[in-house]
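S.K.: So the sequences go chain by chain: A and B.
Residues in the first sequence are numbered consecutively from 21, following the numbering used here.
Residues in the second sequence are numbered consecutively from 19, following the numbering used here.
The set of hints was computed from the structure by calculation and includes no laboratory data.
These numbers come from a predicted model, not from an experiment.
By construction, the Cβ of each residue, glycine as well, lies at the ideal position given by its N, Cα and C atoms.
Any given hint might turn out to be false.
Said to hold, decoys possible - To give a feel for the contact side, a few chain A residues facing chain B, derived at Cβ under 7 Å:
1. Glu32
2. Lys161
3. Thr232
4. Pro236
5. Leu316
6. Arg317
7. Cys391
8. Gly395
These are the residues of each chain, in order.
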Amino acid sequence: MALTKILGLETEYGIHLADPESNPTSGSSLLINAYVAHLAGRIEWDFLDEHPGHDARGFDREGVGPLVERHLVNTVLTNGARYYVDHAHPEYSTPECTTVLELLAADRAGELVLERSMAAAKQMLGAGQEIVVYKNNSDGKGNSYGCHENYLVDRTVPFKEIAQQFTAHLVTRQIFTGAGKVGCEEEFSGRAGFEITQRADFFEEEIGLETTMNRPIINTRDEPHAEAGQYRRLHVITGDANLSEVATLLKVGSSSLVLSMIEDGYFNDTDLYLREPVRAMHSVSHDLSLRMPLELRSGRQLSALQLQGEIYLAACAYRDREGLASLGDPAVGELILSQWERILTALESDPSSLRTTLDWVAKYEIMQAYCERHGCGMDDPRVAAMDLQYHDLRPERSLFRRLGMETLLDEATVLAAVTDPPRTTRAYFRGECLKRYPRQVISANWDSIVVDLGEEPLRRIPMMDPLRGTAAHVANLLDECATVNELVDRLGG
Amino acid sequence: MPEREQRQRPASESEQSDGATEESLPTSERAERLKSEIDDILDEIDEVLEENAEEFVRNYVQKGGQ
């Protein structure tokens with residue numbers, strides 16, 4: 021039986037400073053410090069459990085994996101998220117969630133955190149100075165930064181199986197996960213003026229540990245931040261950062277469903293293996309018809325749309341036999357399936373009908389209309405400016421906000437997720453401890469928090485199981501403990 | 019699809035206050051309404067788009083990330 025999927029999203033935001041001399045790393049730090057400055061106290065991130073060099077294929081490569089930048093600003097928020105500077109970008113990692121709706125709220129809350137950070141930074145900076153943040157993945161000049169998805173999967177399923185069986189989905193889901201991009205990265209110049217995704221052009225390998233160069237479709241980083249004997253954290257780096265709520269829901273929802281199916285052996289008897297995944301990654305993104313055939317290893321040829329259709333039908337069969345409990349809440353699983361069907365049907369009959377639903381369609385349609393009005397082509401600099409400004413998180417400048425996009429969450433839910441942790445994982449314990457005992461929580465990371473009981477040494481509270489420390493487990497306990505000392509006593513000293 | 023909340027732009031809400039829904043309108047009227055909605059959006063975009071688009075795009079350079 022597939023494990024309950026623990027989900028997370030980490031987004032590196034694009035950052036632009038008015039002064040070209042200024043440094044994006046210090047700009048990112050300023051942004052985060054400005055946000056934290058108006059919150060009560062500041063909690064440091066704890067690096068004890070960082071091992072980004074662990075490879076899922078069973079070896080360690082110290083020094084090859086991404087460096088953990090310990091000297092940069094790093095903080096934990098009361099919603100259980102991590103907010104920090106990574107590779108000269110502000111990065112927001114959602115707390116762990118069990119349903120995609122919780123995750124969507126946490127991700128949208130991240131946008132609000134960045135929006136408030138910009139406003140706070142503006143107050144700290146001199147007149148005319150501003151730091152602007154973009155939720156995108158490419159500067160259009162060959163530089164990319166990621167929006168990574170995380171899924172805890174069953175350690176007993178061989179990694180090779182996951183890698184082989186998941187690839188076709190990662191390649192073809194681009195038809196709804198794409199955030200759209202005008203122009204192409206240099207290597208692909210000469211191709212169509214608009215492509216479906218921001219990220220596809222940056223993928224060069226089928227499998228590997230890198231995330232900043234020679235990017236692989238399947239990333240092998242093996243750093244579960246949980247009981248390693250039980251869990252593997254699949255770190256998915258192919259996706260675009262979405263502003264569309266439906267796109268985020270479907271990106272993560274369809275992928276967690278496919279991973280459950282892989283865990284339960286539902287892909288063993290299919291032939292859904294692409295012959296050339298890297299080439300397909302690029303061609304799917306460049307094919308606005310969605311109908312170009314991709315060759316499977318079996319010799320069959322299917323378009324991205326047809327392949328998604330087959331995966332969707334297999335997912336329905338899986339639901340009928342195994343249920344959707346692994347998606348945290350079966351009702352949310354049903355929502356994922358119904359959205360999946362609706363989006364594939366619309367992409368088949370009339371993609372433009374999704375102009376207020378999916379990012380790439382919204383962007384494409386409005387750019388087309390703009391070109392028509394102004395008698396220009398997709399290569400006009402104003403269209404390139406529209407591309408960037410679609411992702412601008414300033415409400416007064418955001419083009420996304422002007423397009424009347426469909427939403428799945430009400431604003432109150434998103435606002436609550438800025439301060440409150442999800443209730444169904446250990447993020448609840450982390451976030452509530454930060455809220456209730458801000459002066460005594462010294463540091464926190466994904467799998468523990470360190471508290472000061474007023475006597476040496478500091479005490480570490482381990483949280484290795486992501487499904488413990490939920491509201492159901494600890495809400496009453498926390499209510500009964502006025503101080504962290506009482507809490508530690510009650511937890512068994 | 020489940021009946022979920024769909025938020026539209028304020029302009030289109032007021033346009034629909036006569037009770038007519040998108041589905042109940044003939045195709046030509048629907049197309050017209052869509053066109054006027056998009057025209058409104060384009061007007062707004064003309065207002066908020068960075069003034070010197072070329073320079074803005076040229077200056078948007080990021081350090082590579084993950």
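S.K.: Against each hint, give a clear statement of whether it holds in the structure.
M.R.: Going down the list of hints, with the structure as the test:
1. Glu32: holds, 4 Å
2. Lys161: holds, 6 Å
3. Thr232: Check passed: Cβ of Thr232 (chain A) comes within 6 Å of chain B, closer than 7 Å.
4. Pro236: violated, 12 Å
5. Leu316: violated, 30 Å
6. Arg317: The hint is violated - Arg317 (chain A) has no Cβ within 7 Å of chain B, the shortest such distance being about 30 Å.
7. Cys391: violated, 11 Å
8. Gly395: With Cβ-Cβ at 13 Å, over 7 Å, it is violated.
Against the hints set out earlier in the document, violations occur for numbers 4, 5, 6, 7, 8.
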